[in-house]
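Position chain V against the provided structure of chain S, taking the given hints into account.
So the sequence lines, in the order shown, correspond to chains S and V. Following this note's numbering, the numbering of the first sequence begins with 7 at its first residue and continues without gaps. Following this note's numbering, the numbering of the second sequence begins with 7 at its first residue and continues without gaps.
Derived by calculation from the structure, the hints in this document are not laboratory data. Some hints here could point you the wrong way.
Just so you know, same-sequence chains aren't split out, so a pair can sit in one copy or run between any two.
Claimed, not checked - Simulated pairs of lysine-lysine, DSS-like, Cα-Cα distance not exceeding 27 Å:
1) Lys204 <-> Lys324
2) Lys146 <-> Lys324
3) Lys185 <-> Lys202
4) Lys324 <-> Lys208
All values derive from a computational prediction rather than experimental measurement.
Protein chains: 2
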Amino acid sequence: MTFAFDITHRDPNSYARLGRLTTPHGTIETPNFIFCGTKASVKGLSPQQMRDARSDIILSNTYHLMLSPGPDLIAEMGGLHKFMGWDGPMFTDSGGFQIFSLGYGSVADEIKGRGQRHRKKTILQISEEGAAFQSYLDGKKFFLTPEGSIDIQRKLGADLIVQLDECTPFHVDREYTAKSMEMSMRWGDRSLAEWKRKDDGKQRMYGIVQGGVYEDLRRISCEWTRDRDFFATAVGGSLGSHKEQMYEVVAMCSAHIHPDRPVHLLGIGSFIDIFTNVRAGMDTFDCVSPTRIARHGWALVKGAPKERMNLRNAQYMKDQDPVDSSCECYCCRHHSRGYIHHLFRTGESLGMTLLSIHNVATMNRLMREVRAAIGANRLDEAQKEWVV
Amino acid sequence: MTFAFDITHRDPNSYARLGRLTTPHGTIETPNFIFCGTKASVKGLSPQQMRDARSDIILSNTYHLMLSPGPDLIAEMGGLHKFMGWDGPMFTDSGGFQIFSLGYGSVADEIKGRGQRHRKKTILQISEEGAAFQSYLDGKKFFLTPEGSIDIQRKLGADLIVQLDECTPFHVDREYTAKSMEMSMRWGDRSLAEWKRKDDGKQRMYGIVQGGVYEDLRRISCEWTRDRDFFATAVGGSLGSHKEQMYEVVAMCSAHIHPDRPVHLLGIGSFIDIFTNVRAGMDTFDCVSPTRIARHGWALVKGAPKERMNLRNAQYMKDQDPVDSSCECYCCRHHSRGYIHHLFRTGESLGMTLLSIHNVATMNRLMREVRAAIGANRLDEAQKEWVV
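Chain S on its own, in the form it takes in the complex (with noise of 0.2 Å):
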């Protein structure tokens, strides 16, 4: 068997359920949570640290991968999972977000820190085809069809791919917001189609759920994929303003898409995010945040307000604790905080490297305790030991 999805315990009280996500390249235990390797690499950290501080699954972004070093290299080098050294599972998007996250001018956080704040919308075109848009690298112009994207994705290789859609922004009306949904819905069929075309047994796609933050639409969109022949479900686009339309949106999405297929939302990493869309039955989840955050001195740490402490902060110079006494991460076994805040201090890299490895390990024993919760069904105290 190569691909499955085996729900083992479903919460009576709740969507949440535990599941196991078989791919050829391993099974995952869900809920779980994907780190971003966006430009095939997760930011400071081999896969060896990954896999030590216990990670089960990374993604790569086709929009990223797509510009440099572009697919067809990746493919000579053998594939996504060979080319950066990753031997478990494996999930690439669709190139949409940051299409569309970039080419309507807000800043995607996977791009932040390279040096320009302020970039020029980089979209030139959205048509019933495809969008058109240039790199930010170097202005050149690409034309991405739900085809390419499924075609960039076979050649990265990943095991869970999906499908091309519009990531529709949130300021537009809800006439437009079902326009780009039921264009996506076609740009879903497209890839569907073009993924069967070339089916090798290797990958799985994903269906995505828009519908912004209209409950009908949202309600059609999840129809929509649960009666195709999606492997599994991702819920996308835009989800509103603030924390509690996220959870609004998200579980207006719960009854309605398909109950035994794998569901991912996309882009929502912190604890409470997570305790709160596990119950509305979201499988996996991704976010740059634990890296990202790591890089600015920002350690994950349970119970600790608002989930998280700042290293730079010059209380932790001469700390002789861990991080977090209760973490076996390498860092927290092997430094101090107060060394960590050394290394911000002093500008050496090794501090951002020590962090995002306890950023990553803290966000798999928040997924394996999420899970051993659901299984004991004491979600709610699980809960308040994270979330204070």
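Then chain V, alone, in the frame of chain S:
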């Protein structure tokens, strides 16, 4: 036995020898290479990665740690070993090299890359008592005496420490060099007296050979170190303006330094330099270059032209071979030249980390093969394998 140096074999054709240098934190085989963890961190690598690359010993710079976070803080945190999580043998320098090399307006390698390319001279006054200088970080004034350097190094707690000396610049004349050497001798006596006064059995001291490029001065300086109660000898100061002169200057010392003590050559680290200076009786070496050049895309490669290759070069874009197919480091076992090229091209810091691992592993492999060659009386053959 907490400290010892046992010479187990002497090369019949040169001053090369095999030894075992024992410290309270372990025994290392010599000849060996000491990696620079300038600010209590080998740039980009965790202690575990250093160990995985088979490193035996590291050093930290008193100058940098004196400025930040300060010796008292490190002492309070349990000393440098505990602070940085390195449990093996460790070396600290006296602080002199950076004070003087920065002070005279040259740019110390270790501080490159902190933004400011052209620094103002930071040395304020050199007197018999010591050296007054300003911090390059914040302009704060410091006064370092021989006693002060030993006191700081005692607080840092490395196994192997060094007397304070004046690091004579290259451009001064013989008269200045002689006067400077004589002051360094007096500073050495003061360093030794201060160390003896507080000797707790946990540290041993290197005396430093000065004398510039002048054979008679080098001989005087060697004999001075030989006739003092130093545990070991370090060859320092100006070694000339080019490699051949450096080799000559080091060779001037071979017959006159204490024949039974460990000898460290300060700041030297290319393959050819190591082969040449091992023959002059040098037992240990240090240099920032293995990790520094890694951050610029250079891999050290056995038998490569100029000892290295630059992975940023476009010729490696589709290269599926490891950096060095004869190398067994983590980088070479898991990653291709093409992937490393991609990481540098896209600005992913993992590229610097992986090449740093490779370069550290390569220096350790070089030293293992140098030791084996000395034992087998085939140093010339080994040199031909490494240096083309």
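Hint by hint, here is what the structure shows:
1. Lys204 <-> Lys324: between (59 Å within a copy, 25 Å between copies)
2. Lys146 <-> Lys324: between (50 Å within a copy, 21 Å between copies)
3. Lys185 <-> Lys202: Result: close within a single copy only, 26 Å intra versus 83 Å inter.
4. Lys324 <-> Lys208: between (52 Å within a copy, 24 Å between copies)
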